[in-house]
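Chains S and Y supply the protein sequences, listed in that same order. 503 is the number that the working numbering gives the last residue of the first sequence; the numbers go up by one with no jumps. 503 is the number that the working numbering gives the last residue of the second sequence; the numbers go up by one with no jumps.
To be clear, the hints were calculated from the coordinates, so they are not data collected in a lab. Each residue gets a CB set at the ideal place from its N, CA and C atoms; glycine is no exception. Accuracy of the hints is not assured; some may be wrong.
Claimed, not checked - Sample of chain S residues at the chain Y side, in silico, Cβ under 10 Å:
#1 Leu-15
#2 Asn-142
#3 Ala-151
#4 Glu-157
#5 Asp-195
#6 Ala-225
#7 Arg-254
#8 Tyr-287
#9 Gly-332
#10 Ala-343
#11 Asn-363
#12 Tyr-365
What the hints assert, rightly or not - Lysine to any residue pairs mimicking SDA-like chemistry, simulated, CA-CA at most 25 Å apart:
#13 S:Lys-44 x Y:Glu-247
#14 S:Lys-479 x S:Tyr-401
#15 S:Lys-45 x S:Gln-20
#16 Y:Lys-479 x Y:Val-119
#17 Y:Lys-479 x Y:Pro-403
#18 Y:Lys-45 x S:His-253
#19 S:Lys-45 x Y:Leu-251
#20 S:Lys-479 x S:Gly-118
#21 Y:Lys-45 x Y:Asp-10
#22 S:Lys-45 x Y:His-253
#23 Y:Lys-45 x Y:Gln-11
#24 S:Lys-45 x Y:Gln-248
#25 Y:Lys-45 x S:Arg-252
#26 S:Lys-44 x Y:Gln-248
#27 Y:Lys-45 x S:Val-283
#28 S:Lys-45 x S:Ile-3
#29 Y:Lys-479 x Y:Arg-409
#30 Y:Lys-45 x Y:Arg-69
#31 Y:Lys-45 x S:Leu-251
#32 S:Lys-45 x Y:Arg-254
#33 S:Lys-44 x Y:Leu-251
#34 S:Lys-482 x S:Asp-392
#35 Y:Lys-44 x S:Val-283
#36 S:Lys-479 x S:Pro-117
#37 Y:Lys-44 x Y:Thr-34
#38 Y:Lys-45 x S:Arg-286
#39 S:Lys-44 x S:Gln-11
#40 Y:Lys-44 x S:Arg-254
What follows is the residue order along each chain.
2 protein chains.
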Amino acid sequence: MPIQLLRQTDQPLYLQVAEQLRQQIENGELAPHTRLPASRILAKKLGVNRITIVNAYAELEAEGLVISRVGSGTFVAGEQQPAALAPSPLWRGSPVGRRPWNANQMVAEMMRLARQPGVISFAGGSPSSEFLPVHELRRALNEVLRRDGVAALQYEEAAGYLPLRETIARQMQQQHIPVNGQDILITTGCQQALDVTVNVLTRSSEDNLVVVEDPCYLGFLDILAARRLTPLGVPVDGQGMQVDRLEQIILRHRPRLIYTTPSFHNPTGTTLSLPRRRALLEVASRYGVPILEDSCYDTLYYEGEPPPSLKSLDTADIVFLAGGFGKTLAPGLRIGYLVAPSAWQERVIAAKQTADILTSPLNQYALHSYLHSGHYADHLSLTRRAYRERRDLMAAAARRYFPQEAVWRCPAGGMYLWVEMPPSGPTATDLYMAAINYSVVFALGSVFSASNSFSHAMRLNFATPALDEIEEGMRRLGKAWKELLARNIRVQPVNQRCTMPIL
Amino acid sequence: MPIQLLRQTDQPLYLQVAEQLRQQIENGELAPHTRLPASRILAKKLGVNRITIVNAYAELEAEGLVISRVGSGTFVAGEQQPAALAPSPLWRGSPVGRRPWNANQMVAEMMRLARQPGVISFAGGSPSSEFLPVHELRRALNEVLRRDGVAALQYEEAAGYLPLRETIARQMQQQHIPVNGQDILITTGCQQALDVTVNVLTRSSEDNLVVVEDPCYLGFLDILAARRLTPLGVPVDGQGMQVDRLEQIILRHRPRLIYTTPSFHNPTGTTLSLPRRRALLEVASRYGVPILEDSCYDTLYYEGEPPPSLKSLDTADIVFLAGGFGKTLAPGLRIGYLVAPSAWQERVIAAKQTADILTSPLNQYALHSYLHSGHYADHLSLTRRAYRERRDLMAAAARRYFPQEAVWRCPAGGMYLWVEMPPSGPTATDLYMAAINYSVVFALGSVFSASNSFSHAMRLNFATPALDEIEEGMRRLGKAWKELLARNIRVQPVNQRCTMPIL
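Construct the entire structure; sequences and hints are all you get.
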């Protein structure tokens, strides 16, 4: 492990040490699980202060290249977590922080590609730009600034603008959720509602495991990775999360939280059946495990309303209900909300305030004015009709252009068609690369799994693209797949590190 | 430790256990440092599943009432951290999470009181409502929605709207900070810039200590508490942070980060001198300790510009520069920014995206349009003139109405006058309670200290109130203080738990 330090450069010594160790790890000179010298010893050898080495190791740990274990030292990270740390057979993959993609890279790539002229994107999670109520929101903003301009531009209560919270509470009461405005925390998008919940529920414990559907919304997997929490994946079938597995998981792993999107799940589109909703609440209540219910797609239903929300069925007061207006109205407002169980309401407000003080009151006032204009119900009807038509077109195109062995379920709501291509054929990554040449982008199924599973799955957004783009994009995807098959592309091993460039 | 469980109620068993333990802790039946029974044993005794007890203990731990130590068990928390855990003599106070106040409670109280008719508030951190450019921002919003309505309401790149980032970069270039737009991350207020920085810098390490000025911006102390990090306070004098103490602290405690507000520090109003800025950079670079520079008051100067920012002097690329438009333009836009050292830029973008996906593009577009209108420079001149006048009036009133032994320094910028009342007299908490009867509110000095110090200090905001309110409010404060003194109010012990109601 030779390390050479230059004293005459601007680069701090600890970064020089980190860089040379990084190279040795990446080129294999330092093999996985190798124990690095104690910081004292390496410092003495190099003639530097021990802090230099401690900081170099911390740098490498932040990058996920080494792991430090209290009392035993610092080790080169392996592709697999050491057996002693692996919490469960359900956790099938690589260590936290080593997922080949994160939401950031995915979304960055998707945004960049989707802006290229001529690209057909099935990749994102945006609502259709066609229906954004620009005019009505502009009217609302003007009304607010004329009437309440100073208040809308000043600080506001951290929990949010009370009239907006009361309006949201009334919508919830219609869904038999017994809340009032004071119970509602306004968040900066639904994402912050999820992050705040994870924050307050996982502060105290050492073994922080969180139950998720597998696959799962990738922004939630990012929250877990950022907080060094471990996802425990529960498989999903046509009825949603396989709830009958939960009791064993709870008894064995004592999870801090169960995260679920019961209606029109992202990415699979499935809906948790009513019996399973009741069973989930029963088992979670029995063991006192909180549930975080992500309701952000609930109002995008195409075959009638979904079963009652978990929150409306929750007699034990253990459900955190998160939602927002990004998928159903306008992502750019960045307004979501969270209803926490009563014992947690003060703590979620404090956590939200610590994160960003408050959500833009300007946008809160404008949303409140818009919701009172009465346009929202019409807007939802319009988008539901349009998205249902797109869903049907995409499903028909999948039947027409995809191989017979491909598997998908037509979702009863939401934005996504989840397609599993035949496991004997090209992987989704192969198809992704080939599809870029046809100017079509989609989301790889594997990014939604903490475990690197779903190598042959893809998530196709049918809400964002226009009708003619759906037909044409699906045709090109089918063509790309057939070409790969004809070229006899070898199936790649599931666990390989994804090496394609982030475009 | 008798515990009685009811099986016929809706309340989960673990909450029943937690509640009864909580009562026993709070009424003293369970003394500080008492070891609770092992979960296995208590579970057997009560005839419940072990998970019930584990969850009850976790609930109490989340509330800060018990502490669990791996391998040794769960203990009732004490008023003092056990000596073995106390990281430093500089950490003079109560365990993390046990500060008597947090920003949330402070701001909630301040907002509530300030809304009462007739109350004069020196407590908050708001800019004056008089100068909010409502009309210009409304014009900017309309321009944006006419021209770019769909883009402003859709998702946007996580790092922010590039033209806005380029505009901010040009402002920085004028201050000799060599950045371009790509180096700038737009955040949801300056608070998120601080939180994101702490997040990326403290993920990997076990001993997470952070150097702060003592006293320190209380929202930053909340960030540390929420992430279970320990502040190491460095005293502040007329030249700002006492930088000569840093080397010893770094060598002894290996902090992950040094947080500072070098210009017009909140709450003391002090400015770090140029020699100390250079010394701070030198010592931090030598040991590779990153600096987080909070610049949110930099443009509010009343005696000429402050010394060059740390970022502009930073040749080792170790400074994270955080700033925002909340103090200088409009809090309600919720727009801040962060310039990270180049090695950290990808990671801060990912952390920001995990927190809330992106900052409202509507507000970003509008701010960009406003900044291009050319009104901002005039707005800053106007507010600087007005705030300087208010500062001078408040300082004159302090001379007139406060006791001779009271100590303050006239700040060269920012929003706050920090006043230390004579230590032999009533505490600031006494004065706070008395002042409420006179309809005057201020911020207690002790909330800005992780250590519960500054029992006789108060922070007075001179920017928010109108001129006549300053004169009248200071007169009432002086009167309240004299009455307390005349009634011979006993000096309260510094470490007592603050028991006054949150109004």
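Comparing the hints with the structure gives:
1. Leu-15: 7 Å, holds
2. Asn-142: 7 Å, holds
3. Ala-151: Holds, because the Cβ-Cβ distance from Ala-151 of chain S to chain Y comes to roughly 8 Å (cut-off 10 Å).
4. Glu-157: 6 Å, holds
5. Asp-195: 6 Å, holds
6. Ala-225: Holds: closest Cβ of chain Y sits about 8 Å from Ala-225 of chain S, inside 10 Å.
7. Arg-254: 6 Å, holds
8. Tyr-287: 5 Å, holds
9. Gly-332: 4 Å, holds
10. Ala-343: This hint holds: Ala-343 of chain S lies near chain Y, its Cβ roughly 8 Å from the closest one there, short of 10 Å.
11. Asn-363: 6 Å, holds
12. Tyr-365: Where the cut-off is 10 Å and the nearest Cβ of chain Y is about 9 Å from Tyr-365 of chain S, the hint holds.
13. S:Lys-44 x Y:Glu-247: Roughly 20 Å separates the two Cα atoms, so the pair holds.
14. S:Lys-479 x S:Tyr-401: 8 Å, holds
15. S:Lys-45 x S:Gln-20: Holds: Lys-45 of chain S and Gln-20 of chain S sit about 15 Å apart, inside 25 Å.
16. Y:Lys-479 x Y:Val-119: Since the Cα atoms of Lys-479 of chain Y and Val-119 of chain Y sit roughly 16 Å apart, the hinted pair holds (cutoff 25 Å).
17. Y:Lys-479 x Y:Pro-403: Satisfied, since the Cα-Cα distance of roughly 10 Å is no more than 25 Å.
18. Y:Lys-45 x S:His-253: 22 Å, holds
19. S:Lys-45 x Y:Leu-251: 19 Å, holds
20. S:Lys-479 x S:Gly-118: Holds, at roughly 17 Å.
21. Y:Lys-45 x Y:Asp-10: 22 Å, holds
22. S:Lys-45 x Y:His-253: The given pair, whose Cα atoms are some 22 Å apart, holds under the 25 Å limit.
23. Y:Lys-45 x Y:Gln-11: With a Cα-Cα distance of about 20 Å, the restraint between Lys-45 of chain Y and Gln-11 of chain Y holds, given a limit of 25 Å.
24. S:Lys-45 x Y:Gln-248: 23 Å, holds
25. Y:Lys-45 x S:Arg-252: 21 Å, holds
26. S:Lys-44 x Y:Gln-248: 20 Å, holds
27. Y:Lys-45 x S:Val-283: Roughly 23 Å between the alpha carbons, so the hint for Lys-45 of chain Y and Val-283 of chain S holds.
28. S:Lys-45 x S:Ile-3: 10 Å, holds
29. Y:Lys-479 x Y:Arg-409: 21 Å, holds
30. Y:Lys-45 x Y:Arg-69: This hinted pair holds, its Cα atoms lying about 22 Å apart.
31. Y:Lys-45 x S:Leu-251: Holds - the C-alpha atoms of Leu-251 of chain S and Lys-45 of chain Y are around 19 Å apart, at most 25 Å.
32. S:Lys-45 x Y:Arg-254: Roughly 20 Å separates the two Cα atoms, so the pair holds.
33. S:Lys-44 x Y:Leu-251: 16 Å, holds
34. S:Lys-482 x S:Asp-392: Satisfied, since the Cα-Cα distance of roughly 23 Å is no more than 25 Å.
35. Y:Lys-44 x S:Val-283: Judged against 25 Å, a Cα distance of about 21 Å means the pair holds.
36. S:Lys-479 x S:Pro-117: Since the Cα atoms of Lys-479 of chain S and Pro-117 of chain S sit roughly 21 Å apart, the hinted pair holds (cutoff 25 Å).
37. Y:Lys-44 x Y:Thr-34: 20 Å, holds
38. Y:Lys-45 x S:Arg-286: 19 Å, holds
39. S:Lys-44 x S:Gln-11: Roughly 20 Å separates the two Cα atoms, so the pair holds.
40. Y:Lys-44 x S:Arg-254: With a Cα-Cα distance of about 18 Å, the restraint between Lys-44 of chain Y and Arg-254 of chain S holds, given a limit of 25 Å.
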